[in-house]
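S.K.: Given the sequences, and given the hints that come with them, work out the whole structure.
Chains A and B, in that order, give the protein sequences. Using numbering that gives the first Met the number 0, read the first sequence as starting at 0 and increasing by one per residue. Using numbering that gives the first Met the number 0, read the second sequence as starting at 0 and increasing by one per residue.
Hints listed in this document are in silico derivations from the structure and should not be mistaken for laboratory results. Just so we're clear, the structure is a prediction, and the values are computed from it rather than from any experiment. It is possible that part of the hints are untrue.
The list cannot tell twin chains apart, which means a pair is met if one copy fits it or any two copies do.
[Unchecked claim] Capping the alpha-carbon separation at 20 Å, the derived lysine to any residue pairs in SDA-like fashion look like this:
hint, residue 1, residue 2
1, LYS494, ASP181
2, LYS93, VAL383
3, LYS93, ASP472
4, LYS49, GLU13
5, LYS93, GLU279
6, LYS494, VAL366
7, LYS494, LEU186
8, LYS494, GLU476
9, LYS49, GLN28
10, LYS49, GLY25
11, LYS93, GLN28
12, LYS49, GLU401
Number of protein chains: 2
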Amino acid sequence: MATEAAQHSETYEEFITLVERISNVGSAQSLLNWDQEVMMPEEGTPARSKQLSALSAVSHELLTGEEMAGYLDELADADLDAEQAAVVREVRRKYERAARVPTDLVETISQTAAEAHPLWKEAKAEDDFSIFAPKLEELVELKREYAEHIDPDRDPYAVLFEDYEPYLGLDTAEETLTELRDELVPLVEDIRASDADLATPFEGEFDEATQEELARDVLDTLGYDWDRGRLDVAPHPFSTGNQFDARVTTRFDESDPLGALTSTVHEFGHATYTLGLPDEHYGTPLGESRDLTVHESQSRLWENHVGRSEPFWQRFLPSMRERFPQVDDATPRDVYEAANTVKEDNLIRVEADELTYHMHIVVRFEVEKELISGELDVEDVPEVWNDKYEEYLGIRPETDAEGCLQDIHWSHGSFGYFPTYSLGSVLAAQLYEAAEDDLGALDERTREGEFDELHAWLTENVHQHGCLYTTDDLVQEATGEGFTADYFLDYVTEKYGELYDLH
Amino acid sequence: MATEAAQHSETYEEFITLVERISNVGSAQSLLNWDQEVMMPEEGTPARSKQLSALSAVSHELLTGEEMAGYLDELADADLDAEQAAVVREVRRKYERAARVPTDLVETISQTAAEAHPLWKEAKAEDDFSIFAPKLEELVELKREYAEHIDPDRDPYAVLFEDYEPYLGLDTAEETLTELRDELVPLVEDIRASDADLATPFEGEFDEATQEELARDVLDTLGYDWDRGRLDVAPHPFSTGNQFDARVTTRFDESDPLGALTSTVHEFGHATYTLGLPDEHYGTPLGESRDLTVHESQSRLWENHVGRSEPFWQRFLPSMRERFPQVDDATPRDVYEAANTVKEDNLIRVEADELTYHMHIVVRFEVEKELISGELDVEDVPEVWNDKYEEYLGIRPETDAEGCLQDIHWSHGSFGYFPTYSLGSVLAAQLYEAAEDDLGALDERTREGEFDELHAWLTENVHQHGCLYTTDDLVQEATGEGFTADYFLDYVTEKYGELYDLH
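M.R.: Okay, here's the thing in structure tokens:
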């Protein structure tokens with residue numbers, strides 16, 4: 000037995016070396032992607048695409064090769080501690096999904112997505128769905144085929160969803176989205192019927208350079224670690240990196256200084272999760288973040304529960320006034336109202352308030368679920384999309400550009416991604432409530448700009464665990480109960496009830 | 000035979016796919032290195048080092064694996080055209096060098112260099128050679144061992160030199176450096192004895208932001224392709240990339256606006272070579288630059304023959320005056336003199352004029368050659384170094400920080416690199432002369448800021464060939480004769496004779 004244990008221990012070491020190599024190749028890909036969005040000169044694309052696909056191929060071969068298969072086989076009956084078992088569980092899951100899909104199909108999907116992306120851009124620019132439709136149809140079929148390779152006996156959409164959220168299950172997503180729809184549709188109707196008139200304190204122009212300084216101020220206020228991060232501009236803001244180097248991006252609109260700040264705080268939330276991962280586990284699942292639901296919970300917690308709160312603006316408005324004297328007359332309450340206004344006519348997901356946001360997600364979820372199941376034909380997407388907007392949001396897009404063509408995800412071949420946005424928001428409320436249970440009400444500390452305790456709580460209960468727990472276990476560990484939308488619904492009902500005088 | 004040819008053609012295709020993959024992994028490494036120098040936050044190093052070493056390991060395994068060995072074996076007797084044969088020649092050369100060195104030794108060298116680098120920095124900062132000496136000794140021994148694995152029957156220094164210049168041969172380097180030493184030592188003595196008093200038009204402070212605008216102006220003037228490049232700041236200026244994305248860096252000294260401009264023009268020369276490589280051969284040796292001698296010839300040609308010429312300053316001084324009104328009184332001749340002043344007391348290679356520069360190289364060459372052969376002990380390096388400075392340059396360093404510790408190369412384990420700097424300068428003169436033979440005198444066009452013909456000549460005769468030719472054949476093709484220092488010696492004799500009134 001001792002010899003067998005020693006043998007397993009040696010195998011585990013070799014396995015970890017391979018796991019770290021795959022992870023590091025993945026980190027290199029992330030950096031190349033960051034550079035492409037933020038730094039790369041315009042005509043660099045042909046070389047960059049080839050670099051990225053070479054790294055993908057290397058990574059795929061390392062993950063699905065005989066060496067990995069051998070380790071996983073040998074470790075299947077090894078006596079592992081909890082951390083080792085978690086690493087094996089996560090790697091095995093990725094191995095099995097990757098190994099079941101033929102390399103040819105992976106390449107075809109990646110190539111079709113590469114072709115689809117410029118067509119989507121063109122279709123959106125020209126407001127002509129027919130330009131994108133044929134490639135969308137190909138992608139739908141290819142991703143259905145992909146899902147069937149992974150598991151021919153299950154709903155292919157459920158299989159695809161697990162690429163983004165592996166453990167909560169599509170049932171949870173579906174129940175949550177149904178609950179959100181059922182509760183939020185009447186709430187939004189009440190808001191629309193309300194006479195409340197929310198403040199609009201931001202008039203005129205806010206120059207980009209000063210907005211950037213303000214974005215740096217907000218990161219300072221929240222406690223961003225500049226020694227392990229940086230802020231740049233990107234057309235579609237994102238965050239990327241690892242615990243030693245987690246970067247954020249934002250974008251500026253000279254008529255809307257809140258937009259850049261909100262997106263900066265959102266990306267800060269992602270980055271602060273990444274920076275809270277344990278240094279010593281860099282390169283293995285114990286040092287990597289727990290998929291998209293949890294990641295989005297961190298960005299939404301900071302964006303919504305901190306950044307869109309009145310106490311936050313009591314703290315931060317003076318910094319804004321220093322940079323932009325034209326808002327001298329605004330009160331924290333004014334900015335709080337502006338940051339939480341439910342616009343009657345907004346058709347665009349990324350510009351939505353935190354309430355109607357979920358109606359945007361519900362539409363996409365219902366549409367892509369039926370697309371993958373085959374109940375909905377690609378050609379019928381625009382009409383079904385517009386009908387659902389009318390039903391859930393009371394507004395009907397007049398163009399496909401601001402309708403079903405607004406989001407990039409499908410052109411990447413990503414189906415099943417959208418629900419994680421809502422799950423993340425819901426989890427943010429649950430985690431924030433649990434943090435307040437442990438720490439007491441946080442409003443006063445937000446008002447003082449003291450975020451250390453919240454950071455510490457999130458690090459202790461979420462970040463430091465990496466992928467040690469599955470998503471559901473992590474929620475249970477951190478909050479003492481299972482995943483639930485109750486806290487989110489209470490939070491928005493109270494917040495918007497007060498804002499719109501619904502009580 | 001037809002079947003065999005078809006078989007070879009299929010093998011060649013598969014071989015190229017593997018070659019491209021290795022090249023793309025290398026390009027990813029270059030980008031990670033660029034990012035580390037230019038963008039990465041301070042504490043990102045632990046993760047970045049692991050990413051880089053994972054990519055090195057992947058690259059090494061792909062290059063030396065069975066798959067590559069099989070292709071090279073099969074292609075050895077295949078009927079290949081000239082381009083295919085060149086690709087096989089270049090890859091085989093790299094394969095053989097890499098495959099002969101045990102992976103353990105490669106890793107030990109890389110680890111020792113990683114440990115040596117901070118010790119070198121500390122030794123330089125504290126002016127204490129003994130801090131660096133033990134690691135330097137290890138590196139010397141390891142690199143000797145490395146060379147012996149590649150070829151036990153040859154001078155190890157000659158083998159190391161071929162990592163940087165594979166085809167010209169150490170004999171050519173040695174003859175060239177001896178010739179430079181013999182011709183330039185008396186020339187420098189004449190200059191020191193001369194009464195000529197060269198102009199010093201740059202007094203006072205030149206702020207960094209304006210210097211950066213001026214660096215952009217100079218790149219505009221020379222015809223840098225901003226759609227395929229960018230300019231950033233780095234502590235040690237360098238250029239990196241590929242034909243779709245070739246970036247330059249520079250650094251600024253507020254008391255010396257010429258320094259940043261000269262280094263920008265130098266890096267522009269490197270980048271313009273890279274940008275002249277054929278797009279369609281990206282990822283194979285036909286789309287990659289011909290090693291360090293030729294690369295340095297391109298940077299030196301633009302730096303010295305263009306950027307340090309009087310016609311260039313007739314063109315560019317007005318731009319400088321616009322940015323810095325304090326140089327309103329300077330004439331092009333003044334700047335030309337300032338850019339070519341042979342300072343009596345300069346001990347620093349990177350600050351040397353284009354004449355004494357080679358004496359700095361000769362010292363390093365002679366020292367490292369004896370270090371690798373074992374004739375010189377590490378502990379004796381400072382004294383031998385200082386003696387040689389006295390002999391060749393008439394000055395003696397008072398500290399090791401400005402003596403044998405000034406350059407970074409040995410701390411990287413690079414021995415045999417320095418001679419390529421001189422070979423490149425020499426080749427620059429030979430190529431510039433050949434260009435003038437074909438195009439007529441270029442001064443007038445420089446004065447007009449018309450560089451298209453020179454670009455076209457260099458692209459046609461050098462850049463577009465990638466690694467199709469070996470270095471010696473490329474020189475022959477481009478200039479109609481073998482590599483020679485004659486043109487360089489004529490050029491500096493005439494230029495400095497005029498500047499210092501030696502006729």
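S.K.: Run the structure past the numbered hints and jot down the numbers of the failing ones, going up.
M.R.: As far as the earlier hints go, 2, 5, 6, 8 and 12 are violated by this structure, in ascending order.
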